[in-house]
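Residue-level listing of the chains:
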Amino acid sequence: MRPVLETRGLVKRYGELTAVDGIDLSIGPGTVCGLLGRNGAGKTTLLRIILGLLASDAGAVRLFGHEASPHDTVARERVAGFVEELRFYPYLSAVRNLELLSRLDSAGASVAPGDALEMVGLADRAREKVRGFSTGMKQRLGIATALVRAPDLLILDEPTIGLDPTSAASVRTLVRRMADDGKTVFLSSHNMTEVAEICDSVVIIDAGALVWQGTLDRLREQAPVAAYRLWTTDDAGARQLGREFDIDIDRLSSGALLVHADDALRNSFVLELARQNIAVRQLEPDISPLESLFAALTGDPAESAGESESQGIPARSEADKVHR
Amino acid sequence: MTAVASERLVRDASRPGLGAAVHVEMAKLTSQWSLRVVLLLCVAVPIAFAAFTKSQWPSGPSDVLFGRWAGASGFATSLTLLNSANFYGIPLLAGLFAGDIFAGEDRHGTWKMILARSASRTHICGGKAIAATVCVWAGFLTMGAVSLLAGVAIAGSSSLVNLSGQLVPAGTAWALVALAWLYSLLPAATFIALGLLLSIASRSTIVGVLGPLVVAGALQLLEVIGHGRIARIISPAAPFDAWHALFTDPRHLGTLLQGAITSIVWTAIFGGAAWYLLRSRAFGSADTTPRLQRRAAARIAGVAVVVVAVLAGVSGVGPTNLTAKQLQASIAPEFGRLAVAHYRWQTGSARVTRPPMKATCNRGAGTEKSRGPGSDWSCTLVDTRVADGAPPVALDVTLKANGCYSAGAGSELGALVLTDHKGKAFINPLYEFDGCLGTP
Chain E
18 MRPVLETRGL VKRYGELTAV DGIDLSIGPG TVCGLLGRNG AGKTTLLRII
68 LGLLASDAGA VRLFGHEASP HDTVARERVA GFVEELRFYP YLSAVRNLEL
118 LSRLDSAGAS VAPGDALEMV GLADRAREKV RGFSTGMKQR LGIATALVRA
168 PDLLILDEPT IGLDPTSAAS VRTLVRRMAD DGKTVFLSSH NMTEVAEICD
218 SVVIIDAGAL VWQGTLDRLR EQAPVAAYRL WTTDDAGARQ LGREFDIDID
268 RLSSGALLVH ADDALRNSFV LELARQNIAV RQLEPDISPL ESLFAALTGD
318 PAESAGESES QGIPARSEAD KVHR
Chain H
888 MTAVASERLV RDASRPGLGA AVHVEMAKLT SQWSLRVVLL LCVAVPIAFA
938 AFTKSQWPSG PSDVLFGRWA GASGFATSLT LLNSANFYGI PLLAGLFAGD
988 IFAGEDRHGT WKMILARSAS RTHICGGKAI AATVCVWAGF LTMGAVSLLA
1038 GVAIAGSSSL VNLSGQLVPA GTAWALVALA WLYSLLPAAT FIALGLLLSI
1088 ASRSTIVGVL GPLVVAGALQ LLEVIGHGRI ARIISPAAPF DAWHALFTDP
1138 RHLGTLLQGA ITSIVWTAIF GGAAWYLLRS RAFGSADTTP RLQRRAAARI
1188 AGVAVVVVAV LAGVSGVGPT NLTAKQLQAS IAPEFGRLAV AHYRWQTGSA
1238 RVTRPPMKAT CNRGAGTEKS RGPGSDWSCT LVDTRVADGA PPVALDVTLK
1288 ANGCYSAGAG SELGALVLTD HKGKAFINPL YEFDGCLGTP
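Protein chains in written order, with the numbering used here: chain E, 18 to 341; chain H, 888 to 1327.
A few of these clues could be false.
As the list claims (entries may be wrong) - Derived CB-CB ranges, DEER-like:
1) H:H995 / E:R194: 24 to 34 Å
2) H:H910 / E:E135: 16 to 26 Å
3) H:S1298 / E:Y108: 54 to 64 Å
4) E:T210 / H:A1191: 51 to 61 Å
5) E:A77 / H:I1151: 40 to 50 Å
These aren't lab readings, by the way, just hints derived from the structure by calculation. Idealized CB from N, CA, C, for every residue including glycine.
Same shape as in the complex, but just chain H (with noise of 0.2 Å):
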């Protein structure tokens, strides 16, 4: 052995690796009282919101998907709740848990204290990510998995109406439910690397906590314009309406493949991008100075401004699924479907065949030209079985960005509560539902 060789460089025993980063980073987190907090309202946000959607029945959050049902069944209580959760939950916890994980040693100034130990750059960035990542991700499935518990629990368990008209019976909504708040696991790592990136990048832990939550606003605003298959696709946050594909029929499985891969690329460039960033950060005496913290910002923020306008200038290119030729095959047979359950309800009785629907739907001009998200669509239903003699029914229907509609016919159809056979209340189907094209 060389003199150069055998000169003592690292000890004997082992040198600190990722697992030691994670467990100190995860230290930090939990000691904190107001991340605490955060994970107590995880608990108490669901178990409230079943109890408030349950006292407000017959009527609810229709304007979201599942929302009309969310008083009647506790899967649709916890569906309900996974939209918000979705859009607003996941980039808040994500701004909270990863936005200030990087940014909060810049405001503690203990940047120094821990680069001056054995632990790479590339573990403790690790750590950070892995411990945000977990607390995350628990704070979501807790939410989860409360809401689904509290909502059968306060709701009951019953079939859930999924959104192609089709009653879900109890033990295959326990695992569809489960299954889309796992798979918004996906998407919530986006935005946990997207508040890593903001937190290095910035150093501001203001703009690491808002950071995702303005972001996921932004692109929410983006969904409701871009109907381009193109948007639909590179949109960080169109992963989040990935799971509705779990309640079509058939299963849109290609739709749930491609949020996944989004997901994943996103992340990989956020993450990637933040290793980069505190990699080759130099930790000079001026490098969390005010002037140079805004300085960061405005360069975020210019960044922010050009990524959205490129999103915005492609959220209209490409081929669009949103088309009248989509919508009549997904919404008369739903109609159909939801007739049969109107009817099996209404009577108790089980023979009862599905009628077949046909539909005609247009915005005004004709159907070949009529196109894209909007409330002023229309549909006419007629029964195509000779000599049924029902009346057509018309239909007002609004179609969004991301492939999903609500249609009604107000009380043309019955009314929004009416009574079994057995004088128990239910909600009349056809009054209004919700249906999904399966997008992208």
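The following block holds chain E by itself, in its conformation from the complex (with noise of 0.2 Å):
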């Protein structure tokens, strides 16, 4: 089957940083695939290429099996979506924004801007001028201008940031309705949960190169055992037992144990810690197994730490900051 989108050796410098190095990809019909890196990886610049606002320094986009140079607009026609912080007219109200964006796009198949308002459930507010909108209003608001255009390939720059709970598992409700008739979608994401949860396959750079790519379940093939944080009654009992299981076991700084096991191993260590009367207190995942490839594919981990938990991605488990 023909990819939707195919780049081939793209390149984007500014002046001595390279953004976007040799990057080859290719995501087929009716899927979504998900974009991953730290922040700086070059996530937004390739999707700016791709958009056709930026132009590359090397390499070619083809999209429908068209290459599509910079500003092609023809060649970008069944093509929509958004990068970083969405702005709008403020002056202007929800479907006199849409209303406005829509006539610059080929008369057609497209979305009525009520409809797409009510897709995204901001139908009540679509007479409010913009200028009073949250940033997740603004965010769904986005995702509207980007439906208006009924595209076949929908590329979304961090959709649900900014967006609550409700909100957000709405509109991965509509991505995943949007794939499932055939449309693709191509994401990016720092949350690892969300692409867990709504993405067909996977692409994740790291500083500009790509560094990983396919399907979500040969990712998880891939990934790490996981590690749980457990807490016990009794600690040192809990480590004993643990080396005869053969279960790598550490102590946090927070007090907790951090167990390295995959499921059947920890279940059968559970059961026989409560045969050994050593009552498990808590437990709970530390980092999941994808968290935990994200973090080995992309580099040193200290170094996004602290931007990346506050996006969803821990860079690595608080085990490695202890015993590194």
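Got two chains here, each in a separate frame; can you build the complex from them with the hints?
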């Protein structure tokens, strides 16, 4: 099946900095592909090039099998999306913003502005000036501006950032539904849970270069053993038992034990703890397998820890920091 | 059909063209209350101006062409306003409508939204240029129409005294005043294009809005000192004066044509540069940072300084029309015609012929050496008829770089306000009068 989006040897430099470094990627139709990378990895630059806002220094973008040169709006006719912070004309209402933007689209297959606002849950605020909209509302309006084009390829830059949990869930549902309807969605995100929930495939870039591409299932297969935080009534006994089970257990600075074990081994270990009268006070995941793999693929976690945690991607577990 | 060709690229229905871009930009401009206020002012200011000049009669803004007649004839009221509208109104309107039309997208952060649609950058640029032009022209013509109607309603439709001392009947005056306003749309287009260029180049609303005003001010300053024909031809502000040629006898159509060509060339240069900048601009993440905006503003200021320096350098280069001979050839018949008008108004008699006047003008030096703008000109006018007995008249003349002059002998030729044979007051046309040589 012909890829919807392909890039070949894409390069973008800003002076000495190479923001995008020879990226080759391919995304098939009817899928949701997540674009992952630390802050400054080159995600937004890559999306800008695909959307035609920025010219690459080398390489090519192919959309639906056709080469798309920079500024080529014909080749991007079936593409819609947004990058970075969403901004609108503050002196216009939400529906007027959509009406005017859609006037700049080709006629034909399109979604009425009112319907697009309905889809993102903004129908009741349609007549209000955008000036008073919250970040989350602007985010939803941004998705609506993409939807009015009825695109076959939707490109979204962190579409759920700034949204409350309910709105974020509805956006995820919307994205998934579009893919089920045969549309392709390429979205960047810092939220691994979100990626795991809605994406079929993942592209991971680091320092402008592609470091991993494949299906989510393959990513899960390659992911390291999960880690859990454990609080017990007898930590010394638990660590002794861990050695018998050949389980790697570290002590965290918070007092919790960090247990590295797959699901089956962890279940047996917990049952044995109970048999030895060691009560489990609390057991929670420390870092998901995807997060572990992401951290492994994207280099030094300490560098990204502060900013990544706030965005939902812990760069590495607390144990890593303690024991390194 | 090949497999590649059969792949659907463009939807069946039509792509958005220039019309769609114009519609969007017009909708955005007219939705902003501040710009609606500007358009309202284009109605209110001329009415207030007409009322004010009438209330001030017989004294008026005599330092402006037609200003001394502003309270006496609605046509003069409109033309007096046209002087200011050209030099201040057009740059201001161009700044407000065109200067923010690109920079506004940077300010609102909306470039990424509109450039990700189907309309091409060329269409978006064209749409913005046309929308800004329509709004500026609409505002300007509204000022013209309101000033003419309000002027006639308030000051009356008396004949207009033109820049050669002739009385222009109301029917002709309507058409000429309307033509003067319409002609000024050409230099207006130059300043609209300048506003567009500053807007896209600086990405700053302040530079875009104030830039045309500052440039117009600088050019006006150069006009004060520049009398060389080259500067008069290449200055983007020179065409603002070209409409004067409609009110001279004979009408200097060459001046009108020259002004039109200058305006069109500058409009093409500024507009083309704006289009090129938008087309080649990369919308990266750091493209509207304050540092970048400051750098762009500094670059623009540098270019402006160089351009002004070049214009200043050439301002005195080349031959000049501002010579004693030209002044003599213009002021003598004008004085004669005004003397006729003066006699007719005072006596009510039409049976009078224009006195053959001879003028001798200089700036202290001899007639041959006297040239250039200044307020130190003096002319002596003599009625050449044998045995007329009228003494020579000495006039103090201020000759401006744009080829227009004001001359007067003060109370030597009667008071400012005289009474006609029916007892009605009228302005003494010889007390002080304006004329134009016809430049460049």
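Taking the hints in turn, this is what the structure says about them:
The given range of 24 to 34 Å is respected by H995 of chain H and R194 of chain E, whose C-beta atoms sit roughly 31 Å from each other. Distance hint check for H910 of chain H and E135 of chain E: the Cβ-Cβ separation is about 25 Å, which falls inside the suggested range of 16 to 26 Å. The hint said 54 to 64 Å for the Cβ distance between S1298 of chain H and Y108 of chain E, and at roughly 58 Å that hint holds. In this structure, T210 of chain E and A1191 of chain H meet the distance hint of 51 to 61 Å, their C-beta atoms being roughly 54 Å apart.
Between A77 of chain E and I1151 of chain H the C-beta distance comes to about 41 Å, which sits within the given range of 40 to 50 Å.
Of the hints listed earlier, there is not a single one the structure fails to meet.
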